[in-house]
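**Student:** Start from the sequences, fold in the hints, and give me the full structure.
Each chain, letter by letter, is given below.
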Amino acid sequence: MAASSEPNSREDIFDSSLNLEETHLKEGYNEGYADDLVSGEEEGRQVGLKTGFEVGEELGFYRGCIDVWNSAIRVDSNCFSSRVVRSIKQMEELLNKYPISNPEDESVSDVMDSLRLKFRAICATLNVKLEYNGYPKSSDGGNIQF
Amino acid sequence: MSLVDESFELKELQVLEGHADRVWSVAWKPATGFDGVPAVLASCSGDKTVRVWEQSPSSGSFQCKAVLEETHTRTVRSCAWSPSGKLLATASFDATTAVWEHVGDDYECVSTLEGHENEVKSISWNASGSLLATCGRDKSVWIWEVLPGNEFECVSVLQGHTQDVKMVQWHPNMDILFSCSYDNTIKVWAEDGDDDWHCVQTLAEANNGHTSTVWALSFNATGDKMATCSDDLTLKIWGSDLLTIQSGNGSAPWKHICTLSGYHDRTIFSVHWSREGIIASGAADDAIRLFAEDGDG
Numbered sequence: 001m002a003a004s005s006e007p008n009s010r011e012d013i014f015d016s017s018l019n020l021e022e023t024h025l026k027e028g029y030n031e032g033y034a035d036d037l038v039s040g041e042e043e044g045r046q047v048g049l050k051t052g053f054e055v056g057e058e059l060g061f062y063r064g065c066i067d068v069w070n071s072a073i074r075v076d077s078n079c080f081s082s083r084v085v086r087s088i089k090q091m092e093e094l095l096n097k098y099p100i101s102n103p104e105d106e107s108v109s110d111v112m113d114s115l116r117l118k119f120r121a122i123c124a125t126l127n128v129k130l131e132y133n134g135y136p137k138s139s140d141g142g143n144i145q146f
Numbered sequence: 001m002s003l004v005d006e007s008f009e010l011k012e013l014q015v016l017e018g019h020a021d022r023v024w025s026v027a028w029k030p031a032t033g034f035d036g037v038p039a040v041l042a043s044c045s046g047d048k049t050v051r052v053w054e055q056s057p058s059s060g061s062f063q064c065k066a067v068l069e070e071t072h073t074r075t076v077r078s079c080a081w082s083p084s085g086k087l088l089a090t091a092s093f094d095a096t097t098a099v100w101e102h103v104g105d106d107y108e109c110v111s112t113l114e115g116h117e118n119e120v121k122s123i124s125w126n127a128s129g130s131l132l133a134t135c136g137r138d139k140s141v142w143i144w145e146v147l148p149g150n151e152f153e154c155v156s157v158l159q160g161h162t163q164d165v166k167m168v169q170w171h172p173n174m175d176i177l178f179s180c181s182y183d184n185t186i187k188v189w190a191e192d193g194d195d196d197w198h199c200v201q202t203l204a205e206a207n208n209g210h211t212s213t214v215w216a217l218s219f220n221a222t223g224d225k226m227a228t229c230s231d232d233l234t235l236k237i238w239g240s241d242l243l244t245i246q247s248g249n250g251s252a253p254w255k256h257i258c259t260l261s262g263y264h265d266r267t268i269f270s271v272h273w274s275r276e277g278i279i280a281s282g283a284a285d286d287a288i289r290l291f292a293e294d295g296d297g
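Residue numbers (this note's numbering), protein chains in the order written: chain A, 1 to 146; chain B, 1 to 297.
Please note that a few of the clues may not be correct.
As the list claims (entries may be wrong) - Taking lysine to aspartate or glutamate pairs in the DMTMM-like style, the calculated list, with each CA pair at most 20 Å apart, reads: (1) K89/A x D195/B; (2) K86/B x E151/B; (3) K129/A x E114/B; (4) K129/A x E151/B.
Hints in this document: simulated from the structure, not taken from any laboratory.
**Tutor:** In structure tokens:
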């Protein structure tokens with residue numbers, strides 16, 4: 001009885017001091033994990049809100065432009081050249097194609113890039129200086145004005 | 001007798017002074033300089049103006065006939081006459097391309113093409129003068145259609161280059177567009193019917209291409225060969241099958257023919273293939289070299 005229980009209690013004592021490093025490592029990890037679970041989710045929500053707002057605002061801007069252009073075409077079908085009308089239609093298709101409810105869809109950046117390109121081409125032809133102030137330009141240098 | 005056997009000499013005829021800053025580019029006006037029509041030249045400069053020079057039939061010297069100013073707000077980087085000579089397009093660091101028309105004794109800016117986000121580097125008219133291409137530091141190439149009344153419509157905005165696009169050039173007889181860039185590649189763009197332009201070929205390092213910025217490209221008279229020059233100190237000759245190009249269906253792939261190296265020891269900024277088959281190159285080593293093909297190619 002004594003022979004078998006002593007080694008056990010000795011083992012237990014030594015075990016806990018030998019595994020001190022491992023125990024504390026685990027404790028620290030668990031603490032950090034739990035903490036970050038909370039703050040990470042919060043941060044993710046903030047980023048999601050911000051990105052969602054920016055994307056939504058830009059898409060809304062394009063929607064508005066397309067709606068005005070379409071109204072103009074309804075009033076006078078000849079107000080724009082056939083090429084411009086076609087481009088507006090293509091832009092509208094792109095807009096409808098944007099996966100608004102699925103942010104993890106990999107095509108989001110491609111569709112957005114195509115949208116921006118079409119928008120610039122249409123504006124250039126119509127000779128209008130419409131500019132969406134939100135999105136980053138490759139030449140941006142803190143020149144955003146409202 | 002091939003050109004290689006003759007000896008050529010470049011003789012300076014005149015120095016034209018007038019610009020207040022560096023002159024970036026010059027362009028001869030088409031259909032001038034022969035048959036009694038005095039030669040006309042356009043030059044564009046860092047002084048934000050473009051000057052038009054005309055050769056006097058009696059003295060043979062060039063005089064400045066017009067100064068195109070108060071339009072561009074920054075350096076005018078390059079200029080190109082339309083094939084008919086009626087219009088002059090000027091590309092500027094102010095991100096716009098201006099189109100000028102000769103009206104009476106002066107030139108009037110009849111249209112301004114906006115769209116590039118920053119410096120426009122080069123412009124090119126296609127053979128028929130119906131299309132105008134521009135390219136710039138924003139890495140994009142824009143194609144515009146020329147409509148009656150000097151109206152311009154943007155046909156397409158081409159993305160693909162990953163860096164500053166230095167020059168665009170239309171093929172001399174087909175509506176195929178070539179662009180070269182700081183990204184070391186040359187891209188070939190063709191239309192798939194109905195304004196659908198896309199890149200049909202990229203000539204990169206792997207295709208025996210340049211290993212540094214490609215600054216310029218130029219076609220021979222028949223359009224089946226092309227010369228390119230680069231910061232990698234070489235000139236490269238490329239060729240394609242003429243019949244396939246002209247058939248227009250699918251595009252004829254361009255292949256590397258040869259590389260001319262060891263002639264310049266600084267960046268070669270400019271190359272041009274004359275109608276008679278002489279290739280001229282200009283480089284940062286302050287030298288202009290003339291090349292001709294010898295019998296064996």
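**Student:** Hey, K129/A versus E114/B, does the alpha-carbon distance stay inside 20 Å?
**Tutor:** holds, 9 Å
**Student:** With a cut-off of 20 Å on the C-alpha distance, tell me whether K129/A and E151/B pass.
**Tutor:** Holds, at about 17 Å.
**Student:** Going straight from one Cα to the other, do K86/B and E151/B come out at no more than 20 Å?
**Tutor:** Holds. K86/B to E151/B sits at ~14 Å (cutoff 20 Å).
**Student:** Between the alpha carbons of K89/A and D195/B, is the straight-line distance 20 Å or under?
**Tutor:** holds, 14 Å
Checked against the numbered hints above, the structure breaks none of them.
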